[in-house]
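From just these sequences and the hints, can you work out the full model?
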Amino acid sequence: MPRIIFKTMWDQIQTGKNMCVVIKAKDGKYYWIVTDFEILKDDNAEPIGYRAFRRAAKDETIKTVEPVYNRLLESEKEGGILASKDELDKILKEKNMSYDDFINNEIKKSGLKGAFGGLLRKFGF
0 MPRIIFKTMW DQIQTGKNMC VVIKAKDGKY YWIVTDFEIL KDDNAEPIGY
50 RAFRRAAKDE TIKTVEPVYN RLLESEKEGG ILASKDELDK ILKEKNMSYD
100 DFINNEIKKS GLKGAFGGLL RKFGF
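Mapping of the sequence shown onto numbering that gives the first Met the number 0: residues 0 to 124, in sequence order.
Where hints are given, some of them may not hold.
In silico lysine to aspartate or glutamate, EDC-like type, Cα no more than 20 Å apart, as pairs [claimed, not checked]:
hint : residue 1 : residue 2
1    : K16       : D42
2    : K6        : E77
3    : K108      : D58
4    : K23       : E65
5    : K23       : D10
6    : K76       : E65
7    : K40       : D10
8    : K107      : D35
9    : K23       : D100
10   : K89       : E77
11   : K23       : E73
12   : K57       : D100
13   : K6        : D99
Listed next, with one range per pair, are the computed distances between beta-carbon atoms [unchecked claim]:
hint : residue 1 : residue 2 : range
14   : R2        : F52       : 18 to 28 Å
15   : Q13       : D58       : 29 to 39 Å
16   : D41       : G78       : 37 to 47 Å
17   : N43       : K76       : 41 to 51 Å
18   : D42       : D85       : 33 to 43 Å
19   : P66       : N43       : 36 to 46 Å
20   : I47       : K108      : 26 to 36 Å
21   : R2        : T63       : 19 to 29 Å
Please keep in mind that the hints were generated in silico from the structure rather than gathered at the bench. Every value quoted in this text rests on a predicted model; they were computed, and no experiment measured them. Think of the CB as a built atom: it goes at the ideal place given N, C-alpha and C, for glycine as much as any other residue.
This is the structure in structure tokens:
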């Protein structure tokens with residue numbers, strides 16, 4: 000998992016903005032998940048915590064995201080997180096979109112977002 004993706008995620012959710020990420024986690028084996036964050040706020044609208052909603056990533060999403068993450072990891076090996084950030088910026092510029100737009104577009108194409116949104120509405124979120 001590219002460190003720049005985790006940094007981008009934490010930078011964004013710590014400002015109180017939700018972010019949807021596709022995460023490749025390792026605990027003896029690899030698996031891909033899509034995670035949405037709910038930002039928990041106090042009475043003054045200041046972030047006080049986070050709630051993560053996870054679901055399995057679809058094959059279509061993985062096929063698109065994995066090569067991007069591989070490019071980021073390769074850049075990271077060669078030049079650290081700053082090189083990985085430069086590569087991410089380059090990739091997003093090529094696609095003419097933000098990371099949020101890129102990920103949300105891939106998730107939407109696979110049909111995950113709609114199903115997940117319906118589940119959240121069912122439980123009052």
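Checked hints:
1. K16 - D42: The given pair, whose Cα atoms are some 17 Å apart, holds under the 20 Å limit.
2. K6 - E77: 18 Å, holds
3. K108 - D58: Holds, because 11 Å separates the two Cα atoms, which is no more than 20 Å.
4. K23 - E65: 9 Å, holds
5. K23 - D10: At roughly 19 Å apart (the allowed maximum being 20 Å), D10 and K23 satisfy the hint.
6. K76 - E65: Roughly 16 Å between the alpha carbons, so the hint for K76 and E65 holds.
7. K40 - D10: The given pair, whose Cα atoms are some 16 Å apart, holds under the 20 Å limit.
8. K107 - D35: 13 Å, holds
9. K23 - D100: 19 Å, holds
10. K89 - E77: Holds, at about 16 Å.
11. K23 - E73: OK: K23 and E73 at ~16 Å, within 20 Å.
12. K57 - D100: Between K57 and D100 the Cα gap is close to 17 Å, so the pair holds against 20 Å.
13. K6 - D99: 14 Å, holds
14. R2 - F52: 18 to 28 Å: 23 Å, holds
15. Q13 - D58: 29 to 39 Å: 31 Å, holds
16. D41 - G78: 37 to 47 Å: 40 Å, holds
17. N43 - K76: 41 to 51 Å: Check passed, 43 Å falls within 41 to 51 Å.
18. D42 - D85: 33 to 43 Å: 40 Å, holds
19. P66 - N43: 36 to 46 Å: 43 Å, holds
20. I47 - K108: 26 to 36 Å: Roughly 34 Å apart at Cβ, these two residues keep to the hinted range, so it holds.
21. R2 - T63: 19 to 29 Å: For R2 and T63 the Cβ distance comes to about 20 Å; the hint holds.
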